[in-house]
Amino acid sequence: MVSVINTVDTSHEDMIHDAQMDYYGTRLATCSSDRSVKIFDVKNGGQILVADLRGHEGPVWQVAWAHPMYGNILASCSYDRKVIIWKEENNSWEKMYEYTGHDSSVNSVCWGPYDFGLILACGSSDGAISLLTFSGDQQWEIKKINNAHTIGCNAVSWAPAVVPGSLIDQPSGQKPNYIKRFVSGGCDNLVKLWKEEDGQWKEDQKLEAHSDWVRDVGWAPSIGLPSSTIASCSQDGRVFIWTCDDPSGNTWTAKLLHKFSDVVWHVSWSITGNILAVSGGDNKVTLWKESADGQWACISDINKGQGAVSNEQ
Amino acid sequence: MEKMSRVTTALGSSSISGRTMFCHLDAPANAISVCRDATQVVVAGRNIFKIYALEEEQFVEKLNLRVGRKPSLNFSCADVMWHQMEENLLATAATNGAVVTWNLGKPSRNKQEQLFTEHKRTVNKVCFHPTEVYMLLSGSQDGYMKCFDLRKKESVSTFSGQSESVRDVQFSMKDYFTFAASFENGNVQLWDIRRPDRYERMFTAHTGPVFCCDWHPDDRGWLATGGRDKMVKVWDMTTNRAKEIFCVQTIASVARVKWRPERKWHLATCSMMVDHNIYVWDVRRPFIPFATFEEHKDVTTGIVWRHQHDPHFLLSGSKDSTLYQHMFKDASRPVDRANPEGLCFGLFGDLAFAAKESLISGDASRKPYPGGDRRYPIFFFKKPNPTEQFAHVSSALSVFESSVESRHMDWLVKTARLYLLSGKPFAELCDHNAKVAKELNRPQVSTTWTMLRIMFSDPANLSTPGPNHIGKLGTLPLMNSFSMKEMGTGLVAEGRLERSKGESRQDNLHLEPGNSLINSNNDENEETEGSEGQAEYMFGDAELDDDDLYSMEHENHAAEEQEYTLPQEAFPLRHEIMDNPSAPEHLQQDKADSPHASGNEAEVMCLTPIESFSLISISQPLFSPHLPAQFFCPVVREMLIHYAEQGDVQMAVSVLIVLGDRIRKEIDDLTQEHWYTSYIDLLQRLELWNVSNEVIKLSTCSAITCLNQTSTTLHVNCSNCKRPMSNRGWICDRCHQCASVCAVCHHVVKGLFVWCQGCSHGGHLEHVMNWLKSSSHCPAGCGHLCEYT
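As you go down the protein sequences, you meet chains A and B in turn. Quick note on numbering: UniProt numbering labels position 120 of the first sequence as 120, and the sequence is numbered without any gaps. Quick note on numbering: UniProt numbering labels position 101 of the second sequence as 101, and the sequence is numbered without any gaps.
Among the hints, a few may not be true.
[As the list claims (entries may be wrong)] Derived list of chain A stretches under chain B, where covered just means 3 residues or more per stretch with a C-beta under 8 Å from a C-beta of chain B:
no.: 1; stretch: 95-103
no.: 2; stretch: 126-137
[Unchecked claim] Only pairs whose alpha carbons sit at most 35 Å apart, straight line, appear in this in silico DSBU-like list of lysine-lysine:
no.: 3; chain 1: B; residue 1: Lys665; chain 2: A; residue 2: Lys289
no.: 4; chain 1: B; residue 1: Lys697; chain 2: A; residue 2: Lys87
no.: 5; chain 1: B; residue 1: Lys106; chain 2: B; residue 2: Lys120
no.: 6; chain 1: B; residue 1: Lys665; chain 2: A; residue 2: Lys87
no.: 7; chain 1: B; residue 1: Lys665; chain 2: A; residue 2: Lys284
no.: 8; chain 1: A; residue 1: Lys95; chain 2: B; residue 2: Lys356
no.: 9; chain 1: B; residue 1: Lys297; chain 2: A; residue 2: Lys202
no.: 10; chain 1: A; residue 1: Lys206; chain 2: B; residue 2: Lys697
no.: 11; chain 1: B; residue 1: Lys106; chain 2: A; residue 2: Lys87
no.: 12; chain 1: A; residue 1: Lys144; chain 2: B; residue 2: Lys297
no.: 13; chain 1: B; residue 1: Lys665; chain 2: A; residue 2: Lys206
no.: 14; chain 1: B; residue 1: Lys106; chain 2: A; residue 2: Lys289
[Said to hold, decoys possible] Not close to chain B: a few residues of chain A, all C-beta gaps over 12 Å, as computed:
no.: 15; residue: Val8
no.: 16; residue: Ser108
no.: 17; residue: Lys144
no.: 18; residue: Lys195
no.: 19; residue: Lys206
no.: 20; residue: Asp216
no.: 21; residue: Ser222
no.: 22; residue: Trp252
no.: 23; residue: Thr253
no.: 24; residue: Thr272
Read the hints as simulated data drawn from the structure, not as lab findings. We put the beta carbon where it would ideally sit given N, CA and C, even for glycine.
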């Protein structure tokens, strides 16, 4: 059920840490220990290197595409403690902004929903999470949550702009007053939810279930979904699905998706938010879907070995 | 916890044990050096010169070499080296240019032995010969290197680098006579100690100063150099020309570099500014440090491996006035934090996945990490542990196509393109969409559309071609039962559903009369929930209908003047249905037109629910006047929510649009708006701009329809002075003329204004159209051959 359609020759000189498709699915950005960020055109199954961004002085951990309504903007974060925001203008990529406010490796970057403007969350090994908001005119407004996660923050992911709960009690016809929320995972084994109130970021929820570093968190897109859903994965091999049906957003319940035998590195939601891809140290990418009775089932897996195909269950 | 545990290393007869520990110094350190048996360390700085014993749990101050009330500048050290053969012998490089040797065996408090004051400026480096007891080398800011015989009062030879300041000098491990010197101008020179007149070899190693160099301890002829250009380079000196074999890029300028004992590829570095960490690199993997020590709060100035055959203990001194012993096992490993895999769901359900090449090639020998966490277990072993391997790693990146998701997106795109949402009668829209879904092999969706048509169509709309066909349509009571939750039933239905041929373009859904009673009875008894009263009532109708069908004579009622001739538009006819004559009459009348009704094509639609939870069964004659379309609304609402939850927001929105008022009030505005925004977002991501626009246009949510108005800006230039109109009025504020005057009637145009993009003249649409019928020239008389597109 799963087949390789394209093997991209990235010519990265070291390990690739992240690969992200852009909004339209036509470009692929990769980043690697070799300090570079590369952008490939992946239309029609081909692959053309369109940019090789050099600017980091350490391994680049993660990249993130901004919503195209702001132009072609890519953020990258690195071991060198920097976050670089790149922008394409006239077919060439330039540094738009360089953020150096972290004291340690920056592990994760994630753009907020476009409704909030250009807003970037950055999680770092120094335990802090920074929020960079573009205020126009090359100016970026910085907010920093110190000690968000002790020992370090590994992942950040934004809530969709439309959180169903937040829509309730809004006079109809009026634009709902979005609440900015995101989720983070860290070395303190915690998943934390953050909420902006009166311009200040506050810890909203603390979700405990993992017994080792949380490696990745993913807030599911809310297309048609009635509830908020978050996936988190950890060094302990577990993947949890957190859901909240409560409009006030206070009651989160955890459901164990699966316990893998090895570290789980990534979770990624499909665009419609109903399929979860999980990649772990056990050499597999697995796809999961929630069945009608609320159980998560593996619908297929990709064995990295051959890109081979097998179906479970 | 880990930090508290102790490590003991057996090294032949001696053994080293200890833990990560530190002590405060009185002053910033500039350099440190250990004695041969690794039990003591000397710390030297501008205001400090002390010897500490390395005990298991702590540093213990043994001796303060800085004596006297007002210590001379000779005590102000830039560098220090403990002799590796003579355990009482130390040498320091003083900031005032003096090279001093110290004899710890002296009984007096002042241990100073020899003082050479030959250099004119600060001495940056001193170095004992590894095997020759009395030979000492110094390198100074003044550009000279001097070799001293400690048995003599003066230097035995002076080497002039002919370059700028000397930053480091190091005797080779391999060649007795060779030493390397690094310079501030980026050069590295190799000298033969016997030939002070000229260097043997010189090459440019870095751009900018080369702050340090270190020979590989295993006499390979490898020399590592570090410079201000933030790079560490490894040179193979065995060939005729120095060959760069590795290059590590660090984050800041490199102040010190030290090969790690017993580890061929490892070296430690610290930097001169900005970065306070100590890094251990594997030169084969030059991008990411193998390990880091992050304890120091200020610049690390001196690093030394505690024992020349022990790779686990590293000592460091810093400007933050601390002396540290680092245990290698306590080092942080950036790679542990690093994500070795990249995973991303693409827009079309494709998965981009990057993983280590070894994983991709299916490394069978690879085992899961013990305990599932640390990649590189700590190594207490005398033999190099294979798990300490940190070889160059590369990743392979593949894009996978998962049929599950990509088919979904494929559907979504095709469906979005092909669906008709407006412009035709309701029934036709449903049929069209059902057909689209069917062609895309989505029976469930297709069936849903068909059902919708049946539920919400009224007789008038069914009778598309005209009165003659009425009789063939809906003459039999429709019995169907279907489950909203288990839409899989649609699969069954799809197989049996045949499109009606001939007269009608629509599907006639009949149940075979013989079965219908039984079926409906069963349905009724088993499955109707919550709506029994009504269903019962309907059922009565159905029975009656059947009776009529078979027992009654067909009477031809003159009922042709009914609403069948109404225009075929998708509007709700609920009330008209109510106004209809009673069903039996209808049927009788219909029968007359179609005497062979029972044999009529026999299209069958039989939806057999596989599971019966949440099942709603409907059995009614199509023409039933007693069943308003509202009856279906809760069902449809549930169905839409079900689709949306499944991620098929497209279905929810399409149905919402096609049904329009029929369903709109049933679903709260915010849910609708959420569906709309989600769907529009999706369409825009898929670059289906036209569809997205259509959806926006057809939507009934005010928040959505205004989307189209928010993002359009018109920039208008004044037609007289050709300058941009700055305000919103009709009058150009520069030439004070009315900007939008019709060239034909010379009145101000309010409303539709059409103008030629060539000459910018124009006017009322109607006027201009009329004008162009007679002339192709501009009505303003400018002579332009206007073109309107």
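Hints versus structure:
1. 95-103: violated (count 0)
2. 126-137: With 0 residues in contact (Cβ-Cβ under 8 Å with chain B), the coverage given for the stretch 126-137 of chain A is violated.
3. Lys665(B) with Lys289(A): It holds: about 32 Å lies between the C-alpha atoms, which stays within 35 Å.
4. Lys697(B) with Lys87(A): 33 Å, holds
5. Lys106(B) with Lys120(B): 29 Å, holds
6. Lys665(B) with Lys87(A): 45 Å, violated
7. Lys665(B) with Lys284(A): 47 Å, violated
8. Lys95(A) with Lys356(B): 29 Å, holds
9. Lys297(B) with Lys202(A): 30 Å, holds
10. Lys206(A) with Lys697(B): 43 Å, violated
11. Lys106(B) with Lys87(A): 68 Å, violated
12. Lys144(A) with Lys297(B): Answer holds: Lys144(A) to Lys297(B) is near 22 Å, not above 35 Å.
13. Lys665(B) with Lys206(A): 39 Å, violated
14. Lys106(B) with Lys289(A): 79 Å, violated
15. Val8: The assertion about Val8(A) is violated, with a minimum of 4 Å to chain B.
16. Ser108: The assertion about Ser108(A) is violated, with a minimum of 9 Å to chain B.
17. Lys144: At about 20 Å from chain B, Lys144(A) clears the 12 Å cut-off, so the statement holds.
18. Lys195: Nearest chain B Cβ is 20 Å from Lys195(A), so the label holds.
19. Lys206: 22 Å, holds
20. Asp216: 8 Å, violated
21. Ser222: 7 Å, violated
22. Trp252: 19 Å, holds
23. Thr253: 17 Å, holds
24. Thr272: Nearest chain B Cβ is 4 Å from Thr272(A), so the label is violated.
Hint check: violations occur at hints 1, 2, 6, 7, 10, 11, 13, 14, 15, 16, 20, 21, 24; the rest are consistent with the structure.
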